[in-house]
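Student: Turn these sequences into a full structure, and let the hints steer you where they fit.
Here the sequence shown is numbered in the numbering used here, starting from 11 and rising by one per residue.
Check before you lean on any hint, since a few could be wrong.
Once the Cα atoms are required to be at most 30 Å apart in a straight line, the calculated BS3-like pairs of lysine-lysine come out as [to be verified]:
(1) 162 x 71
(2) 39 x 71
(3) 104 x 161
(4) 139 x 204
(5) 118 x 162
(6) 87 x 71
(7) 204 x 161
(8) 204 x 27
Bear in mind the hints are in silico, worked out from the structure with no lab data behind them.
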Amino acid sequence: DIKQFSDVEFIASSVNKGYSGGNNFGINKALHDGADLIFILNPDTEIEKDTISNLAEGMEKYNADIAGPKIYFTDSKKIWYAGGIFDMANVIGKHRGVDEEDKGQYNKPVETDFASGAAIMIKREVFEKIGLFDEKYFLYYEDSDFCLRAKKAGFKIMYSPEAVVCHANAKTTGLGSPVQDYYITRNRMLFAAKFLPLRTRLAL
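Tutor: Rendered as structure tokens:
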């Protein structure tokens, strides 16, 4: 029950606008209230007590504008995200280290192609320059779209392993469900139409 958290302000949209529209609703509120950093977190995640502070400190240390933490699969030390690599030719975002046991091999902060929308911290200036998430996506690929626009605008994206999040992957839509398959396929096409040359779009 949200009422037990007296220091939490709950705002509700009257319609389901998906990941992109729902987060934009909160982002607009935070920007209006003067937030300098905005942390976006999926509902199927758990964070450690120092996750947010570690991300914020990492951003300052590495002079980053966007940062993503190390993300584990829930109830394991198997990595879900340790930085993102975007394959533009095939319009697929890949996670470094996915399914690997964490043995410290991804403990070095690195600049990365994208931070996962499951847990991402973004400076106010990024939104002010490039806008919010593209609501045409509804869910999936909006984080890749946002990060590509940010990079094109000169912003720096970092993987910050000092911060840790656990994620129950695709809990909302169901892993491999028709809903997930539909939006991933649809949004690959949308992303390609927005950013890629005609030849790649036709091949896709």
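Student: Run through the hints listed earlier and report the numbers of any the structure violates, in increasing order.
Tutor: The structure breaks none of the hints.
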